[in-house]
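*Asks:* So the protein lines, in turn, are chains A and B.
1 is the number of the first residue of the first sequence in the working numbering; add one for each residue after it.
1 is the number of the first residue of the second sequence in the working numbering; add one for each residue after it.
One or more hints might be untrue.
Okay, the calculated beta carbon distance ranges per label pair [what the hints assert, rightly or not]: (1) B:271 x A:152: 47 to 57 angstroms; (2) B:408 x A:274: 23 to 33 angstroms; (3) B:51 x A:18: 26 to 36 angstroms; (4) B:101 x A:296: 54 to 64 angstroms; (5) A:354 x B:354: 40 to 50 angstroms; (6) B:405 x A:28: 55 to 65 angstroms.
Just so you know, the hints here were simulated from the structure itself, not pulled from any lab data.
C-beta: ideal position from N, C-alpha, C; glycine also.
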Amino acid sequence: MFEYALSVMIFLPIVTGLVMLLFPLSKETARITGFIVTVAILFRGIEIFLSFTGTGGMEYVESRSWIQSLGISYGLGIDGISLLVLMAGTVLFPMLFTIFKTQPKGYYANLLIAQGAMIGAICATDLVLFYIFWEVMLLPIFFMIGLYGGSKRLPATLKITIYTIAGSLLMLAALVYVGVSYHTQFGKWTFAIVQLSELELGGGFAVLAFFMFMVAFAIKIPLFPFHTWLPDAYTEAPTATTFVLSAIMAKIGVYAVIRFVMPVFEIEFARFAVLLSLAGVTGMIYCGLAAISQKDMKRMLAFSSASHMGIIALGVFCMNVQALTGTLFQIAAHATSTGVLFLFVGLMEERMQTRKIENLGGIAYRAPIFATFFAIAMLASVGLPATSGFIGEFLIILGAIKFNAFIGILAGTTLVIGVCYMLWMFQRVFFERSNERTENFQDLNLSEALTFLPVIVLIFAMGIFPQAFIKKIEPAAQQQIAKAFAMPQAQVAETIVPTPGHNNHKE
Amino acid sequence: MDDLMLLFPLLIIGSGALLLMLLAAFEKIEVESASYISMGFFAAAFFVQLLVASTPETVLFGKIFNGMLVSSNFTTIAGLIILGCGFFTTMSSHTYFRVNLFCTLEFYAIILFGTCGMLLLTLSQELITAFISLEIMSLSIYILVGYDRSNIRSTEAILKYLMLGAFAGAFFIMGTAFIYGGTQSTKFAEIGSFVAGHSATNPLVLGGVFFIFVAFLFKAAAFPFHAWVIDVYDGAAAPVTGFMATALKTAVFTIFANFLAINGALHQGWITFLFYIAVFTMFGGNLIAIGQHSIKRMLAASGIVHSGYLLIALVAISTDHFTGTVIGYYLAAYAVGTLGIFSALSYLGGEGEKRATFEDFKGLAKVRPYSAAAITVFLLSMAGIPPTAGFMAKFYVITSAVTAGHMTLALLGIMSSILSIRYYLRLIINMYFHEAEEYFETGGSPWATAATFILVFCVFAIGLYPIVI
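So that you can see chain A by itself, here it is in the shape it has in the complex (with noise of 0.2 angstroms):
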């Protein structure tokens, strides 16, 4: 059992979920079956970070040979670069089938399928099997949108499947390419991340495939100028669906930077950082102006939680240890911080029937609990100090002033249109006058308040311990880093690029 731990993660919702959707049961009995199976995931998750010891390497490692004729194996293994995602993908969940509980039975089933393909895809430690469990996440997504989304919801699937799929097929082609360049280089076939980084790449082609599979995971974060479709798709996905989109698979995308292209790509990663973080950068203001002029609340979250991926995405190409620790531990912060805003104002929706902000106003006064809880993870989404969101930022914004003044100025000044929006849309939600529509605003009933209060008080404890969960990743960020990046900058800029066109593999 032990030994298996993180297949089983990925195969009880898996498996769970298409069972639900091949026999007839109700809608209750499937939520209670998702609820079940997401806690018992929730406490292996719990039981992994607990025993985790963060020494740097691979944990709970599992392989197996696939397919031997190209060396493809079923490889699984968590260090501290996927611990705290994995985190975001296992805590957070059962909270989907306690907050709704009266939609269809494949939506429930949706929602395990999609858990057990992000924690495939966390967990692979072979190109090909988190190519595969990468794709597998998409299906879900797509059939919840399209089949309980909002009255546009058929564009916005059409939009998100396409665009997603455009990119991990260029992604397909990157990959094979690197897999054939091990072959030439070393005479073997392997799909293996930690044999792939000892592969020397460059010349046209490695260029390419860089960017094919930067665009590949650009789309996913959203990076921009990859963020059209998040938008539509966002705001006209189901709550539970944007949540999941927002909170852990825009996060499988930054965590396959770092896991693949870093260690695979470093030359080509650090002569294009700059222009990578000006894209993080760049995305965070346009995105962040965006969120200030819209008024539909899920809408003005999306553009929001675009905003952020712009400085989790910055931290990455950073290429110091600070910035990378800072990305890693905000993964976990945001999810808890954002995603939760998402489900309550998902929450808003079932009991008001409109997100418009104009239509709202004064539900503190009838629900304070309710805004508490909801100041309290726009607070952190924001990065007050002492909430979880503080802790990541801060380290991002110290990498990047490290790593180029001005792109860490302009980052860390960008950080007040955030708050200029999240307050604002505060200020006009929760307070000013309230309306016929809010009057009865019920506040949130016992099991509900449970229900968020685990998060809000992980928000703090990652506030004011972050050291609990920055000493499991650092080790990891640290030999990331040093693996990636040996050469200082100065020699890379000199590295003689072989002439593009020819195939450069080292003879």
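Given the coordinates of chain A, assemble chain B onto it according to the supplied hints.
*Replies:* Same frame as chain A, but now just chain B:
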């Protein structure tokens, strides 16, 4: 392995065809019993072939056939695919002809004869043998396409296919004559040694190979000989279309690969040609598919696109130690996906195939969730989404192209599959995200349904345990 054993599947199918033909002449049995008999023969041949395939080796039939037939690992796999296609086609025909009443006893005999031709085509290593088996196969398919004589579209289809197919046959025989003129032989091995000894740019060899390629490209529905596919696939009955799209393509690509692999210089000389053919086939097929409203026409066009991917694999084959595994695997993956959709169409199409367009399948998932799920699996496999067989197949093709140094071709293949997502998704969206307007009542027998769900299992089994490679 005994030589006879290797030919045993062919013999079983051949005797089955003759038996059914005789039974049909005396009109002793019902149409449905004929379908059971042919299912039995296909199943028997399939298991014998499986037995043969479990001990792979290359056997040259030197004594009995004077080296005109060669059995290798690749041909046994191709044989397996063809026999499987035949089996599932008879299953879905059984259901289809309960509702559409134009079947006679000869139908199943002709399917068996066609299969004979296909099996022989995969084995042949000599141009005249290849021609004869190509014609056995084609003649059967012509008849099958035009089986519904009262249907005007079916008649149009057979006319188009017969005319153009006859041209292709003529090209093939002309190419054979040219090659014989140049090399004094029609055997692949001797052509290979001639090319190795002299040069591949001998005008007679060059012209001959070109004409033979024309015939193969026509049969494989590759650019620029793809225009007939849409109408012919549309006009034929659903099970027949499935059979054509899968078994026939398997046979043609097997002989195509065997022919290309006879000599490295020959293959090298035609790479650029095949490169452009592959690119135009993929993108031409995609452009046609995007504009279609009928599912069968869309599948016909997507068949063109898949021919394009197979051409990529052909460009990338290594002639030194040719194994054909990538092509074999791709054909298997493509066959299960396509056959699956066609067997689903066989029982969902209804009388006279009244449900044919994307619109007609709106809301299928609300009424028949399992059928919709099965079709979704097949579509995802054809689009190459993991963990289906189609993904693995695409992965192998791309890997083989990159390994052979054709990065551009691999990239263009990826671009084309991005385009293809659009029309596969369209059907899924119609099935799932719209409300049902009818009840999708189906008549007939459960055989086609059974075939569909067995094939769903195959899609995953082949995808997750790619033992062929």
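*Asks:* Against this structure, judge whether each hint is valid.
*Replies:* Each hint, compared with the structure:
1. B:271 x A:152: 47 to 57 angstroms: holds, 48 angstroms
2. B:408 x A:274: 23 to 33 angstroms: The hinted range 23 to 33 angstroms holds for residue 408 of chain B and residue 274 of chain A, with Cβ atoms some 30 angstroms apart.
3. B:51 x A:18: 26 to 36 angstroms: holds, 34 angstroms
4. B:101 x A:296: 54 to 64 angstroms: holds, 57 angstroms
5. A:354 x B:354: 40 to 50 angstroms: holds, 44 angstroms
6. B:405 x A:28: 55 to 65 angstroms: With Cβ atoms ~58 angstroms apart, the hint holds.
The structure meets every hint from the earlier list without exception.
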